[in-house]
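Protein chains in written order, with UniProt numbering: chain Y, 1 to 278; chain H, 1 to 278.
Because the hints were derived from the structure by calculation, they are not lab data. Treat the hints with caution; some may be incorrect.
You can't tell identical chains apart in this list, so a pair holds if it fits in one copy or across any two.
Below, a list of computed lysine to any residue pairs in the SDA-like style, where the Cα atoms sit at most 25 Å apart [to be verified]:
id, residue 1, residue 2
1, K114, A226
2, K63, E94
3, K114, L139
4, K254, G209
5, K216, R93
6, K217, E235
7, K63, E26
8, K63, Q23
9, K216, E257
10, K56, Q23
11, K120, T109
12, K99, F251
13, K63, R127
14, K99, A226
15, K99, R187
16, K254, N223
17, K254, A207
18, K254, D206
19, K63, W130
20, K63, L24
21, K170, R253
22, K99, P53
23, K114, L228
24, K216, S247
There are 2 protein chains.
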Amino acid sequence: MSGTNSERELIAEGPAIILVEPQLGENIGMVARAMANFGLAELRLVSPRDGWPSEKARSAASKADHVIDGAQVFDTLEDALRDLNFVYATTARERYGFKPVRSPVTAATTLREKFVGGEKTGIMFGRERWGLTNEEVALADEIVTFPVNPAFASLNIAQAVLLMSYEWMKSGMEDMGRTPFQSLEQRPSTKEQVFGLFEHIEEALDARGYFHPPEKKPKMVDNLRAVLSRRSFTEQEISVFRGVIRSIDRFPRKRPEPLLAGNDSGGEGETSGNDSDT
Amino acid sequence: MSGTNSERELIAEGPAIILVEPQLGENIGMVARAMANFGLAELRLVSPRDGWPSEKARSAASKADHVIDGAQVFDTLEDALRDLNFVYATTARERYGFKPVRSPVTAATTLREKFVGGEKTGIMFGRERWGLTNEEVALADEIVTFPVNPAFASLNIAQAVLLMSYEWMKSGMEDMGRTPFQSLEQRPSTKEQVFGLFEHIEEALDARGYFHPPEKKPKMVDNLRAVLSRRSFTEQEISVFRGVIRSIDRFPRKRPEPLLAGNDSGGEGETSGNDSDT
Chain Y
1 MSGTNSEREL
11 IAEGPAIILV
21 EPQLGENIGM
31 VARAMANFGL
41 AELRLVSPRD
51 GWPSEKARSA
61 ASKADHVIDG
71 AQVFDTLEDA
81 LRDLNFVYAT
91 TARERYGFKP
101 VRSPVTAATT
111 LREKFVGGEK
121 TGIMFGRERW
131 GLTNEEVALA
141 DEIVTFPVNP
151 AFASLNIAQA
161 VLLMSYEWMK
171 SGMEDMGRTP
181 FQSLEQRPST
191 KEQVFGLFEH
201 IEEALDARGY
211 FHPPEKKPKM
221 VDNLRAVLSR
231 RSFTEQEISV
241 FRGVIRSIDR
251 FPRKRPEPLL
261 AGNDSGGEGE
271 TSGNDSDT
Chain H
1 MSGTNSEREL
11 IAEGPAIILV
21 EPQLGENIGM
31 VARAMANFGL
41 AELRLVSPRD
51 GWPSEKARSA
61 ASKADHVIDG
71 AQVFDTLEDA
81 LRDLNFVYAT
91 TARERYGFKP
101 VRSPVTAATT
111 LREKFVGGEK
121 TGIMFGRERW
131 GLTNEEVALA
141 DEIVTFPVNP
151 AFASLNIAQA
161 VLLMSYEWMK
171 SGMEDMGRTP
181 FQSLEQRPST
191 KEQVFGLFEH
201 IEEALDARGY
211 FHPPEKKPKM
221 VDNLRAVLSR
231 RSFTEQEISV
241 FRGVIRSIDR
251 FPRKRPEPLL
261 AGNDSGGEGE
271 TSGNDSDT
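Could you put the whole structure together from the sequences, leaning on the hints where they help?
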């Protein structure tokens, strides 16, 4: 369908679109085009299989050059997320976990509210063939999934980006007068700060043989990260948590541990907590 | 994105998708795939340029064979519309006329109402290059157009069909915010469990002389509890936190503490974190 009017304002703002190990340049190009159609411009590529830049991507983008030219490449997903405050992971598969699962409409509304509130946001999309790993999903704040025909649920990556970009644009039109959903007196943490909390706690636990048996460690780490990330802690909360962990980790007790009511149940709870979604 | 489950119900009902003089078989195939993704099945082709059937269409449809096999070919648009009760024409260009112009959401709601009422409906899409003629649009009851970036408004035909099919599927869900699956239900914690977390962490810190100088302890405890309580943790989250604290508190390190990047800043942060809201 035609209708482009290059005289008119080029909208280029909003969440970053993060493609994890995209395989085909054509798909990256179609993603760029879909983004441009609905006013998104920031494309982040995590180790694209066929390298970057890609002429196939540029031609498939049918003139969405501002998106192609502005694309950034990262070696790891963590690097691609560090400066963001709030991130969605897209998935078609059911995940057993604790992250809230949102529809595209709800996700777009949340992204718009955070955008208006000055936060940096992103939406992660997985590989063409098999999407995102659980470890990758664990790095997101929430999950977004699409209402599809159960017997024919496979969306290609460009279609998935198109739908999220379309909902993003709609979310800006439905209520122009929308104000931030909350005036944050505390700055939301960046993903880098969240990853720092992960590493810090995991190291302190690992140093004590907490992750046992070894083959269960990845699952236990997933569960721990799910709990630590689902609340999108503020900078101040993360620094308080880290101060607590650091103090207990670094300094020895000066008196024996008491038998606090609920202490052991807490311990049990931790175990069952880790098992509950294996 | 994967997630197709062929065991599950194949939804195949709703408006007919009518493509007027489609040029590329690949596009017809991608249209069929988009329809199948969102439960549509009736495809009507008005004199496809490269003829029909088309192997290119079948392969681009990635297994939406029920749509490809059921496609009907017509010589004229009039023939393709004869048995329908209500038809939308899609266009990106502004048309001067008396036909109501609707958004995809409104159009999908209208189509759903008529479907439930037993009417036969359809959505017309124009040629890849230049869309529908005014004469063709004149055959429709209403116009539907997409909210796009004014400076980058060109949607390809498969994208346009995808968006309308997606809105059609959403219109059939009682709750637009509904998702196919949900995160695990978690019980909110009781105050007793929250207090247990307070005591547990405070004791572990106190045993290490964390609350120093003594006269500052009440304020430091206040700040700590403020952070620990403002998120209303679930039972499961509290037990995970307690498991973490308990493990670090109770068991000694088996290896020295590394200098984690951000670890000390975490420490600093903790101090300033506690001071920041004194």
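We went through each hint and held it up to the structure:
| no. | hint | result |
| --- | --- | --- |
| 1 | K114 <-> A226 | both (21 Å within a copy, 24 Å between copies) |
| 2 | K63 <-> E94 | between (36 Å within a copy, 22 Å between copies) |
| 3 | K114 <-> L139 | within (18 Å within a copy, 43 Å between copies) |
| 4 | K254 <-> G209 | both (23 Å within a copy, 8 Å between copies) |
| 5 | K216 <-> R93 | within (22 Å within a copy, 50 Å between copies) |
| 6 | K217 <-> E235 | between (27 Å within a copy, 22 Å between copies) |
| 7 | K63 <-> E26 | both (13 Å within a copy, 20 Å between copies) |
| 8 | K63 <-> Q23 | both (21 Å within a copy, 21 Å between copies) |
| 9 | K216 <-> E257 | between (28 Å within a copy, 23 Å between copies) |
| 10 | K56 <-> Q23 | both (12 Å within a copy, 22 Å between copies) |
| 11 | K120 <-> T109 | within (14 Å within a copy, 33 Å between copies) |
| 12 | K99 <-> F251 | neither (34 Å within a copy, 30 Å between copies) |
| 13 | K63 <-> R127 | both (24 Å within a copy, 19 Å between copies) |
| 14 | K99 <-> A226 | both (7 Å within a copy, 24 Å between copies) |
| 15 | K99 <-> R187 | both (22 Å within a copy, 14 Å between copies) |
| 16 | K254 <-> N223 | between (32 Å within a copy, 23 Å between copies) |
| 17 | K254 <-> A207 | both (21 Å within a copy, 6 Å between copies) |
| 18 | K254 <-> D206 | both (23 Å within a copy, 9 Å between copies) |
| 19 | K63 <-> W130 | between (29 Å within a copy, 17 Å between copies) |
| 20 | K63 <-> L24 | both (18 Å within a copy, 20 Å between copies) |
| 21 | K170 <-> R253 | neither (54 Å within a copy, 53 Å between copies) |
| 22 | K99 <-> P53 | neither (34 Å within a copy, 45 Å between copies) |
| 23 | K114 <-> L228 | both (20 Å within a copy, 23 Å between copies) |
| 24 | K216 <-> S247 | between (27 Å within a copy, 17 Å between copies) |
The structure does not agree with the numbered hints 12, 21, 22 stated previously, though it agrees with the rest.
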